[in-house]
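Protein sequences, first through last, are from chains A and B.
The first sequence stops at residue 115 when you use my numbering, and every number in between is there.
The second sequence stops at residue 112 when you use my numbering, and every number in between is there.
Source of the hints: derived by calculation from the structure; they are not laboratory data.
It is possible that part of the hints are untrue.
Label pairs and their calculated CB-CB ranges [unchecked claim]:
no.	chain 1	residue 1	chain 2	residue 2	range
1	B	50	A	55	22 to 28 Å
2	A	29	B	5	16 to 22 Å
3	A	58	B	105	28 to 34 Å
4	A	31	B	27	22 to 28 Å
5	A	12	B	70	42 to 48 Å
6	B	30	A	5	45 to 51 Å
7	A	13	B	53	46 to 52 Å
8	A	70	B	67	36 to 42 Å
Every residue, glycine too, gets a C-beta built ideally from N, C-alpha and C.
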Amino acid sequence: AQTVTQSQPEMSVQEAETVTLSCTYDTSENNYYLFWYKQPPSRQMILVIRQEAYKQQNATENRFSVNFQKAAKSFSLKISDSQLGDTAMYFCAFMKGRGAQKLVFGQGTRLTINP
Amino acid sequence: EAQVTQNPRYLITVTGKKLTVTCSQNMNHEYMSWYRQDPGLGLRQIYYSMNVEVTDKGDVPEGYKVSRKEKRNFPLILESPSPNQTSLYFCASSFAGFDGYTFGSGTRLTVV
């Protein structure tokens with residue numbers, strides 16, 4: 001079974017700084033998908049970024065980028081120029097292949113951006 | 001606006017009293033899922049559906065039922081709720097699964 005581990009329960013940075021959230025996963029699959037979801041205090045789950053395992057290029061969405069290291073099974077999220085609105089829980093998630101319909105989530109990292 | 005709508009947002013009930021949490025999506029998505037979120041455990045899948053009348057168990061299906069009679073609706077049914085089902089529940093839908101899921105705004109359920 002696949003597992004996802006987020007080793008940082010909480011993080012705190014100053015506004016405008018860059019922060020990196022860690023995520024590792026365990027799988028024997030070769031083709032899979034990885035996601036980062038943001039959950040602000042409103043508790044809405046918002047898709048931030050996704051990565052396809054067979055693509056070597058790291059995904060980027062505006063201030064959000066990932067460092068995908070397939071051999072190391074690592075999928076970290078970098079937030080540049082952090083803003084107060086980035087304060088949220090962040091969840092890393094794994095999906096096995098195209099036919100799978102289950103997201104396996106990590107435990108989450110609570111990120112606080114301080115003014 | 002493309003969205004997944006869950007109701008109710010908050011629910012307090014007593015042990016054993018049957019309840020239904022509704023979920024509806026307006027994006028014509030094939031795939032729908034239910035998750036529960038508990039502190040320190042992240043989100044865990046309860047049930048999923050790949051099409052009308054096609055449902056299957058996720059990781060924590062005990063005590064729950066679902067149905068998919070129409071493409072847009074995917075209700076979660078607790079026939080006899082117990083306190084260990086106190087949790088935050090999310091419905092989610094997707095066009096193809098691997099493209100990412102759109103989540104509803106969650107239902108906070110408390111069973112006393």
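For which of the previously enumerated hints does the structure constitute a violation, in increasing order of number? Going through the list in order, the structure violates hints 2, 6 and respects the others.
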